[in-house]
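**Student:** Model the full assembly from the supplied sequences, consistent with the hints where possible.
Protein chains: 4
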Amino acid sequence: MQAPEDLKPLLEEILQDALTITDGKVADYIPALAEVDREHCALTVATLDGKITSVGDSTTVYSIQSISKIFGLMMAMERIGDELWQRVQMEPSGQPFNSIVQLEWEKGIPRNPMINAGAILVSDVLVSHYSTSKSALLNMVRSLCNNEGILADSRVHESEKSHGSRNSALAYLMKSFGNINSDVTEVLDHYFWQCSLTLSTEDLARGLAFLANRGVCPRSGEKITSHRDAQRINALLSTSGMYDQSGEFAFTVGLPAKSGVGGGMVAIVPDYGVISAWSPPLNSYGNPARAMAMIRNFANRLGLSVY
Amino acid sequence: MQAPEDLKPLLEEILQDALTITDGKVADYIPALAEVDREHCALTVATLDGKITSVGDSTTVYSIQSISKIFGLMMAMERIGDELWQRVQMEPSGQPFNSIVQLEWEKGIPRNPMINAGAILVSDVLVSHYSTSKSALLNMVRSLCNNEGILADSRVHESEKSHGSRNSALAYLMKSFGNINSDVTEVLDHYFWQCSLTLSTEDLARGLAFLANRGVCPRSGEKITSHRDAQRINALLSTSGMYDQSGEFAFTVGLPAKSGVGGGMVAIVPDYGVISAWSPPLNSYGNPARAMAMIRNFANRLGLSVY
Amino acid sequence: MQAPEDLKPLLEEILQDALTITDGKVADYIPALAEVDREHCALTVATLDGKITSVGDSTTVYSIQSISKIFGLMMAMERIGDELWQRVQMEPSGQPFNSIVQLEWEKGIPRNPMINAGAILVSDVLVSHYSTSKSALLNMVRSLCNNEGILADSRVHESEKSHGSRNSALAYLMKSFGNINSDVTEVLDHYFWQCSLTLSTEDLARGLAFLANRGVCPRSGEKITSHRDAQRINALLSTSGMYDQSGEFAFTVGLPAKSGVGGGMVAIVPDYGVISAWSPPLNSYGNPARAMAMIRNFANRLGLSVY
Amino acid sequence: MQAPEDLKPLLEEILQDALTITDGKVADYIPALAEVDREHCALTVATLDGKITSVGDSTTVYSIQSISKIFGLMMAMERIGDELWQRVQMEPSGQPFNSIVQLEWEKGIPRNPMINAGAILVSDVLVSHYSTSKSALLNMVRSLCNNEGILADSRVHESEKSHGSRNSALAYLMKSFGNINSDVTEVLDHYFWQCSLTLSTEDLARGLAFLANRGVCPRSGEKITSHRDAQRINALLSTSGMYDQSGEFAFTVGLPAKSGVGGGMVAIVPDYGVISAWSPPLNSYGNPARAMAMIRNFANRLGLSVY
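Protein chains in written order, with the working numbering: chain H, 1 to 307; chain Z, 1001 to 1307; chain L, 2001 to 2307; chain P, 3001 to 3307.
To be clear, the hints were calculated from the coordinates, so they are not data collected in a lab. Any given hint could turn out to be false.
Said to hold, decoys possible - Beyond 10 Å from chain H on every Cβ pair, some chain Z residues (computed): (1) Glu1012; (2) Ile1030; (3) Lys1107; (4) Asn1112; (5) Ser1135; (6) Arg1155; (7) Ser1182; (8) Thr1185; (9) Arg1219.
Stated by the list, open to error - Below, a list of computed lysine-lysine pairs in the DSS-like style, where the Cα atoms sit at most 30 Å apart: (10) Lys3161/P to Lys134/H; (11) Lys3025/P to Lys107/H; (12) Lys3134/P to Lys161/H; (13) Lys3161/P to Lys3134/P.
Computed from a prediction, not measured in an experiment: that's the story for all the values here. A virtual CB, placed ideally from N, CA and C, is assigned to each residue, including glycine.
**Tutor:** As structure tokens, then:
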């Protein structure tokens, strides 16, 4: 199918369809997330010609949670290069995102940077290599999204810290295997802070467009990363971006994607653009039910699978 | 990079490079495989315009082993449709290809059709739905490859049967969970037979071209499967086709691919063609070291990643 | 508490108490077991002075199932000595009795001879070292119990064979690690046959008295095994005889014991005698609820813990 | 064999035999333990008639490490009774003592109080129920051992804290399942402190004599715990006291026992006394090689198995 000139009517139809999905459960492990209105719903498509089309609450910011793993990973890859892959693998995990079992079997080497253990390890890299890892990351995100107003939500940040026992367990286990260099408390602080960044679907669509554009920001023309590294990040998102539904999402949609428990989700369409969606209720895998449905429907309607 | 008019010099160069790789170990769990000359090496590229370019032993047949899982899966998908996915998942396993641990945890439902348990389950589907599952599969393979001379190697077949204790364990465990319907002995006989099919790199390049061509055989124009199912098979190959190196292969190459312990390997390049390689010595993951290197080099030289 | 001269009133009281336990589920994985009347209940105590005191259906025979593992183990220990412990460990498993997970981790070496994998391995020893392993075992059991009428139940035997997929999986997995020497089918046939032996609570109390009497049969004065080997078998029963309740049974009762899914159970009281009970309904761990309660009450009333 | 009037010559012979064992490795995960002279060796037997017979360095104090789990457990059992068993099981683990895998599977409920996770949970009970849990425990130990000079080694305590990442991981994982009530840092501080207590073999032989004497201190006649609870603790030591060698120790010796990585070990002989040994080098299971050999030899020579 040819992409229509004006995507808005299609996006509107897809959003209305998604609103008929009424099951799913808003993340409630911390109060700050549980209070978010479950009816928020947004869908944005940014194409490489610079057009941004949105429907719903596309300028409302939300807690991007695990989607932030993409930004952290990219910074760590730029900073230490292939050395990173001595400390974290690139294989799908076949286990829940916060599994500690696999981490013990594999002697503290996380399966990939998209599961919690892997992203905590990436946080250790950032904390160890930047004097102020938070502001370095924030500056990068603001610049990519072309939005100086992007902030972390300090209430979510504090709340994560006080409910982060399992992530603490993951970090201490890696430390016991010698795979965390900095102070565990500082590493976790960075990790929780990163998860608490708040962006809108439009911010994210703009901010990740370089992954669809061979590493180059389509707005500024700036080279953010190499074509090769953009492909590598997309490969990781394809095999490991959607938790325990990564295989199913590849099978039914076929696009690199990442979700977060705040209800956000992004999919990268190489040489086309970014699809960015948000709706808080999560399915049993911890993926946002409506957001995933909207992205699947858009991709299927336009035949956007990479395979 | 633009694909050159004549691929032969490039393939020749890549094959010569691969010959410098001297480690790796020929599969020796059965005598019939152990006796194969480790110096065999072949590389074939079939493009959708009908051209087939080869270097090395590209017309010598070898035991395709796990590559046969693609043919079995396609037949089962055509025969019982989405019902198949009630009995086998589509997620990466994160475990060795013959792991029995995960099969117990997940109550006899294999993780995907590319690991042994999944392919044995597919064999059960074929045995249960075809009066003569072997000849049905053989006819399909011969037709796809346009080669009526394709045969199974009866010595390999018998040898597999008498060394198949672990696969028997997988089959009986699935049976104990009620996920095998036919007689276990018959199911395993089909499975081992299928693994013992012998094809050349040219046969395989021709036979799988429909996966790169939206389900249509580029030679005959016949629709082998739907575009959607071709994409779905490619997605499974991308997340699960290369055993415990699937993530790494996606990361470093980015193409749907499948390997076998006979030393064969194929990669699908959507809308371009098929890369087919063979060289017996296996690396520590059970993937053919030279064949994988040849495919990676060709893909990288031409920039063929789907991501 | 001093043991009373006449145990009968105490046993009667304990049996009546046990009849108030009404939950539990008769084993139903094979029809021949499912049809047993759930109301059967028997309790026998054999003391080393030769007295046998019984209440309930103490002369009715039942399928002893896993209790037969004691006889098989003793025969194998006598036959091949400490060589046995190269092929099976002596550690508690911490896993369900039919777990295949641990067997894979530990490369086909079962955790102990009281779990299914371990007893199948013991069966392989017997099949490999006796020309007619079944009649050799049967003769030993008849002699120990002083009852030439003891038989296997051929209906249970056949039924086990046709529902034994999981045990087949365990056997083939051990075979794949090179830890089964004889033909798997023959080994499983011996194992299922052994499980189908039918004895009464009185038979078992008599037959296992040597374990409470330092290896010597208190009736005949014959030395069945060394004192040391009697202690070793009792140690195995203490750490591993009651499936996933072994620790709890040691904690609450403190006697070497073994149960079977036919509802039978025996406990050894060193230098005192044997407690033998039967009642078909099983608790959630697969242990016979009433039989276990009767043994616990008798032991607690007489203060019989070894600890 | 009758116990000889004077045990000293036998103990001397056993100690000399043990000195011929030269392999094993002193615990070196913290400097304070690594520096201990590996040649220390001591053996003490305390019988219930009040006699204490020793050979070797039996008055030199050492870090009792995991042996302290017995004291902590007893205090928690006295304090909260059977409520404790809602939060920790009593089953053998079948896993290494510091395994985090099982703890995840079983949702934060440790397998038994003798593995690290279980002892950390016990520490949480003590910290939550005593205003000053350390001094309460210390007073109890001093009183049991009749030695007001007993102390914790502050250097070992600090060292454990700074090398305790894996124990931190266990504690945070339990916390994430809601099975730790107090502050994790405080709980771990108690746990590490308890492990750093220093006693001699004579102190321990004296201090644990009540477990061999039905709960009553044989010196003072004071009832320390009920007969039943003494039996229950002995049962736990029998099934779980010797890490991954618990089954083997039951099989070859047959006594309730506990070891520590400081090289200490105790065995309880009900109605006879306590065997207490110390020698720093550890075998591959983390059990003290010489101490275990001395206890095994003494028990075998006197035929002291409980089975």
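**Student:** Now, for every hint given, state plainly whether the structure supports it.
**Tutor:** Hint-by-hint comparison with the structure:
1. Glu1012: 25 Å, holds
2. Ile1030: 28 Å, holds
3. Lys1107: Lys1107/Z clear of chain H: closest Cβ-Cβ about 15 Å, beyond 10 Å.
4. Asn1112: 7 Å, violated
5. Ser1135: 30 Å, holds
6. Arg1155: Fine: 35 Å to the nearest Cβ keeps Arg1155/Z off the interface.
7. Ser1182: 26 Å, holds
8. Thr1185: Non-interface label stands for Thr1185/Z: nearest chain H Cβ at 30 Å, farther than 10 Å.
9. Arg1219: Holds, because the least Cβ-Cβ distance between Arg1219/Z and chain H comes to about 21 Å, which exceeds 10 Å.
10. Lys3161/P to Lys134/H: 29 Å, holds
11. Lys3025/P to Lys107/H: OK: Lys3025/P and Lys107/H at ~22 Å, within 30 Å.
12. Lys3134/P to Lys161/H: 29 Å, holds
13. Lys3161/P to Lys3134/P: 15 Å, holds
Of the numbered hints given earlier, the model fails hint 4 alone.
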